[in-house]
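Novice: Those sequence lines, one after another, are chains A and B. Its first residue numbered 1, the first sequence is counted upward by one per residue in full-length UniProt numbering. Its first residue numbered 1, the second sequence is counted upward by one per residue in full-length UniProt numbering.
None of these hints come from the bench; they were simulated from the model. Bear in mind the structure is a predicted one, so any value in this text is a computation, not a measurement. A hint or two may mislead.
Unchecked claim - Lysine to aspartate or glutamate pairs mimicking DMTMM-like chemistry, simulated, CA-CA at most 25 Å apart:
id	chain 1	residue 1	chain 2	residue 2
1	A	Lys52	B	Glu8
2	B	Lys52	B	Glu8
3	B	Lys52	A	Asp110
4	A	Lys52	B	Glu109
Protein chains: 2
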Amino acid sequence: MARARNEERRTEIVRAALEVIAERGYRGASLSAVAERVGLTQQGLLHYFPTKEALLVAVLEERDRWDTGGGRGREHWRLDLLESLVEYNAMRPGIVQTFSALLGESVTEDHPARAFFTERYAQTRAHLAAVLRAEFGDELPGGLTPERAAPLLTAVMDGLQYQWLLDPEAVDMPAAFRDFLALLREGRVGVA
Amino acid sequence: MARARNEERRTEIVRAALEVIAERGYRGASLSAVAERVGLTQQGLLHYFPTKEALLVAVLEERDRWDTGGGRGREHWRLDLLESLVEYNAMRPGIVQTFSALLGESVTEDHPARAFFTERYAQTRAHLAAVLRAEFGDELPGGLTPERAAPLLTAVMDGLQYQWLLDPEAVDMPAAFRDFLALLREGRVGVA
């Protein structure tokens, strides 16, 4: 019972953090701003999340759960759903900024979010390879296998986010992502 | 004369910073470690570079000058030189980590490196579009123009760096980059 209340409280804090991020961006999302929103002292919040990084990782995990359809999981992804995901991301710069900023930090020595991103990438590459295999079979243009194309698909999504966050007028993120899919589908012109 | 000495001192500091980064990584490259190496107090160093971010931006600018062949400039880049650049990057994780970490920070509000990265991306996209046009003409696979493929080429390079920094055993960055070039060249099989 205490455990269930604890879980409920954590969920409430993660949702509040998501709201604060959407309103104020990565830097504005301080632990004290989140604590205030849920009616806790900062000390009280630290009981649930010992660091800002731990809270932000929980926010990104929660987003992943939503984006992958909760219980259904990523095995149901298709390339056109990825396209919609990128379009959706273009409407929520706060969370994309949080992902991108924390990813940047995570490559530094002993960063608390390093394990999260390393593990997430391994999963993402495996899932995207399965998505690509379902759409293209074992061979993609350029002689690539789904396993070799998956890191590229992942890299394009992440890399475009930085360009778009820095200069949204210059980079149409969803259009650029569709361009990459066109490149992948090139070898299939006239096949369908 | 004083001006020339000043420039010389700045260059010396930037080189020292590059060494410290190579040895100790992004987090280890503190202003005090760099100051010590060039025989300055931290206060003395601040006269040349008022913040750690300003120093790191100067390091990245210096790297860009070297990588683009100094005076010759980026207009001489070719796709196979880009391939060599990615191979070279795979041997210098310290500077790649510094680029990636600072890029991550730069997307947050009012960050001092934001202008540097925004401007650098605009230049990079323009230069890469010229490189792609020289190699492919006006139309690439998937019906893309060089201008539409350039942000993708940029995104792949940046995105692969994060995956490689986090898990160098799992991601062969140079091989993955060559895979992307194979994708771009797909439409030209049998043409050459």
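Novice: None of the hints should be skipped; say for each whether it holds.
Specialist: Hint check:
| no. | hint | result |
| --- | --- | --- |
| 1 | Lys52/A with Glu8/B | violated, 41 Å |
| 2 | Lys52/B with Glu8/B | holds, 19 Å |
| 3 | Lys52/B with Asp110/A | holds, 20 Å |
| 4 | Lys52/A with Glu109/B | holds, 17 Å |
The structure does not agree with numbered hint 1 stated previously, though it agrees with all others.
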